[in-house]
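The hints should help you fit chain S onto chain X, whose structure is shown.
Just so you know, the sequences run in chain order X and S.
Quick note: the first sequence uses my numbering, first residue 1, plus one each step.
Quick note: the second sequence uses my numbering, first residue 1, plus one each step.
Just so you know, the hints here were simulated from the structure itself, not pulled from any lab data.
Since this is a predicted model, take the numbers as computed values, not measurements.
Worth double-checking, as some hints may not be accurate.
Repeated chains share a single entry, so a pair holds when one copy, or any two copies, can fit it.
Claimed, not checked - For lysine-lysine, the following PhoX-like pairs were computed, each having C-alpha atoms within a straight-line distance of at most 20 Å: (1) K363 with K382; (2) K87 with K441; (3) K56 with K6; (4) K27 with K418; (5) K27 with K441; (6) K160 with K226; (7) K156 with K114; (8) K96 with K294; (9) K294 with K97; (10) K156 with K223; (11) K461 with K424; (12) K302 with K291; (13) K87 with K437; (14) K161 with K318; (15) K467 with K424; (16) K88 with K441; (17) K491 with K437.
Here is what each chain is made of, one letter per residue.
There are 2 protein chains.
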Amino acid sequence: MKFLVKDMDIATGGVKVALLNEKDANKLDLHHNDRIIVRKGKKQTTAILDIAESSKAVPPGKIGLFEEVLDATSAVQNDTVEITTAKKPASVSYIKKKLDGKALNYEETYAIIKDIVEDNLTSIELTTYIDANYIRGMTLKEIIDSTKAMVATGSKIEIKKKTVVDVHGIGGVPGNRTTPIIVAILVAAGLTVPKTSSRAITSPSGTADTMDIFCNVAISIPKLKKILDRVGGFMVWGGAEQINLAPADDKIIRIEHPLEIDAEGQMLASIMAKKASVGATHLLLEMSVGKNAKLKTHKEAKLLGKKFRVLGNELGIKVAFFTADGSQPIGNGIGPALEARDLLQVLTKDPNAPKDLREKSIKMAAMLLEFTSRVHVGKGKKFAARMIENGAAYNAFLRIIRAQGGKELTQDEIPIGKFTHSFKSKKTGRIVEIDNKITTKICRVAGAPSDHGAGIYFYKKKGALVKAGEKLFTVYSQNEEELGYAIECAKQFRLMRIE
Amino acid sequence: MKFLVKDMDIATGGVKVALLNEKDANKLDLHHNDRIIVRKGKKQTTAILDIAESSKAVPPGKIGLFEEVLDATSAVQNDTVEITTAKKPASVSYIKKKLDGKALNYEETYAIIKDIVEDNLTSIELTTYIDANYIRGMTLKEIIDSTKAMVATGSKIEIKKKTVVDVHGIGGVPGNRTTPIIVAILVAAGLTVPKTSSRAITSPSGTADTMDIFCNVAISIPKLKKILDRVGGFMVWGGAEQINLAPADDKIIRIEHPLEIDAEGQMLASIMAKKASVGATHLLLEMSVGKNAKLKTHKEAKLLGKKFRVLGNELGIKVAFFTADGSQPIGNGIGPALEARDLLQVLTKDPNAPKDLREKSIKMAAMLLEFTSRVHVGKGKKFAARMIENGAAYNAFLRIIRAQGGKELTQDEIPIGKFTHSFKSKKTGRIVEIDNKITTKICRVAGAPSDHGAGIYFYKKKGALVKAGEKLFTVYSQNEEELGYAIECAKQFRLMRIE
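Looking at chain X on its own, in the form it has when it is part of the complex (with noise of 0.2 Å):
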């Protein structure tokens, strides 16, 4: 049946989405999310089919078009385009073979990532597969073969070495920085570290948004060969649109994250697929363990691990693990630019640098050295700090940040929240506790991580001792108003406990 185009401008920026009016999808017994091909000349493309009920949105005779589908046909307003009904993609059934509780083979899950990917499905059937998967669990073997399917459907980052190194964070701890420290001194140490980070989604900022501060994130493939070729190391935004590794991740955490849901499985195969997909053949794992982290129980952390470990070998990625203490923020400056100048202390071994970010650091690093056999079994802290100390890990730094086209900056020229507003103690006694959780929500409300500049300073961490009437820490924002929020946030709930 033919139709005129009525260009709806609008992008849904993923499923591609046509819209009929009801008298016509009646006529040609088409329902709401039904798939149909729309075609014009030789071109032609499958869309998800929307249902107008009112002839002022879509009249009978004509078709509404998103922007997906008029690019897709080269279809303009008024154009004349030709409908006929699809067959659901075979991945449908898969999914629905697996919410019925059956495993799925390689090919069956290969089928849906790459829907997925491709925008095919309808956010009906993309949540059903995740319902499934969370609520029947995955099989090892479906781990394997998700995290392998989620590599082929994305780019690759080909490096011809022996020895690439990753590491990766468990999250839920605000501030955290220790990345781009490690990366330095890895570096300087002669190591090959192709560093892809993700952008914060709940937190207060993610390693890319603070590498954002200092330079370039978004650099094409070919363009990173080059780099590693020269400096030995990167740190960029996976999720660029120049780079993306395993895209289905995106797509999935876009359903995950309104459901508060991380599926495990789901999650070691997300994982793992960036890894897999830079090459790496050593990732360190950090693992925080307390109460408002991810991970509440070193238990917890060592059975995850193991899944981790079993996973890698398939992938032929060694993996070793760092528990570390997640019970309150780690380093000072909480936020994309207040990290930012926290991790450039410790590299230009400014004595205001924070000690946890410098001593976690340097143990994670250390922990790389010994397990990529850079340095003997027992050297490898003293090694890592001897990087910080002599400068060698800062000028690393510098190579690739000039190489992603930033240029040196002193802390102060790190530009941070413009309105101030900080706390003093009312008693004095110790600090027994720092929230996570609440560090996070102020940071958020302050503007973090869109506005750069925003966040929390602290003055003291857990364990100092404060006296009444003293500075506990300052909430910085760009904006007058969020500031005021923040400050709301900040006396409404209990951001440290002193006792």
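Only chain S this time, still in chain X's reference frame:
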């Protein structure tokens, strides 16, 4: 934050959608599917956020509003509206609870069903509720709660009668239009029968589609009560806007249908909620059993029947069962108009009336007559047959359709598809099978149910002897092209098996 309104000129017919440019969304830390409050003056509503990646769809500083949001806020193009973040409704946490395998209580189920009816859930959340119920299963208590919540969130037809009769078929068998005949017999026998039916979703016709041929099926509840007082019964479409019984069901089916799932607990609740909404006291449940029917074995039917009885007990509805042969279509005509002709033949004692349809309708009416103690046990069949023979049932049918704005029609006055094609037997033998699914497929391809005149007429049914060259069935359509597709379909698949 304030935004200028862009009228998107789209109605979803459900969820309220607002579109912000990606830049504004980032500034406000808002994500796809987040909820926002849109306020203009004193009017406000909650909307689900979509993100526009291009300025063409929605530029920074503007907010694109769909019809439902414009209506709720009385905002128009270029008005200024105020946006604040809205909390997720509590029902989302209950859905999460069910996803995690915990049973829900009445308050939680009610909150979910209410938010479904009021379009407060995103497609991700609603899908997850359905997936969770499907995989986790529903306890009897949850099914009861869900039924009660569906009744409480829809319209009710309050009837002050001691005995209120209803009948329901668990489908999968094409044709099978017994309901209008049964209702006519029962109303002729003086019983109260407030019959609401559905339209076809996947079948060639629903009772509401066939009744369309005779009269109006979308009538307001006050009018229906008057009809009931005067005539004793009606036959309408329960999903009509004016009636709106248990409206949660339709919204749930919109998700289940594309996934091709039919969760048992959900189905029990949906059916019984509609019966409870009309105050039924006696329900006859027809269960067709057969290879291509929904229920494959008598054991399955018995198990399901038990669940209906238990649920009926809780709602004060007595449930009786009629297990029927579901191995082939019932009646000769399949499709809205052809079924209308069939039932008219039965009621007007036409010698060509399909015997299977007449027999089945009499048996089912008999069960209800005995079940409600209208006649003594063992006397039902004779009584029901007499109601047809003496014209009382047909008179009752005429009273009902006249009350619903229709007029008497002869069979020939019922228009059927003007394009036809007859299939003849290639060999002499006995018909051993007529496939339900293929019957349905051919009828729908020919245009049923939206093309009321489309469908199949069978000259012979299972068990009959046929000679080579003898007519087996005719396919009808209003549209020559669609008839062509239906013929193709009939040639490709084996509708009848002759041995």
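Hints, one by one, checked against the model:
no., hint, in the structure
1, K363 with K382, "within (9 Å within a copy, 92 Å between copies)"
2, K87 with K441, "between (45 Å within a copy, 15 Å between copies)"
3, K56 with K6, "both (11 Å within a copy, 15 Å between copies)"
4, K27 with K418, "between (61 Å within a copy, 17 Å between copies)"
5, K27 with K441, "between (52 Å within a copy, 15 Å between copies)"
6, K160 with K226, "within (12 Å within a copy, 84 Å between copies)"
7, K156 with K114, "within (15 Å within a copy, 47 Å between copies)"
8, K96 with K294, "between (30 Å within a copy, 18 Å between copies)"
9, K294 with K97, "between (31 Å within a copy, 19 Å between copies)"
10, K156 with K223, "within (13 Å within a copy, 68 Å between copies)"
11, K461 with K424, "within (14 Å within a copy, 89 Å between copies)"
12, K302 with K291, "within (16 Å within a copy, 51 Å between copies)"
13, K87 with K437, "between (46 Å within a copy, 18 Å between copies)"
14, K161 with K318, "within (15 Å within a copy, 76 Å between copies)"
15, K467 with K424, "within (9 Å within a copy, 100 Å between copies)"
16, K88 with K441, "between (42 Å within a copy, 16 Å between copies)"
17, K491 with K437, "within (15 Å within a copy, 65 Å between copies)"
Hint compliance for this structure: no hint is broken.
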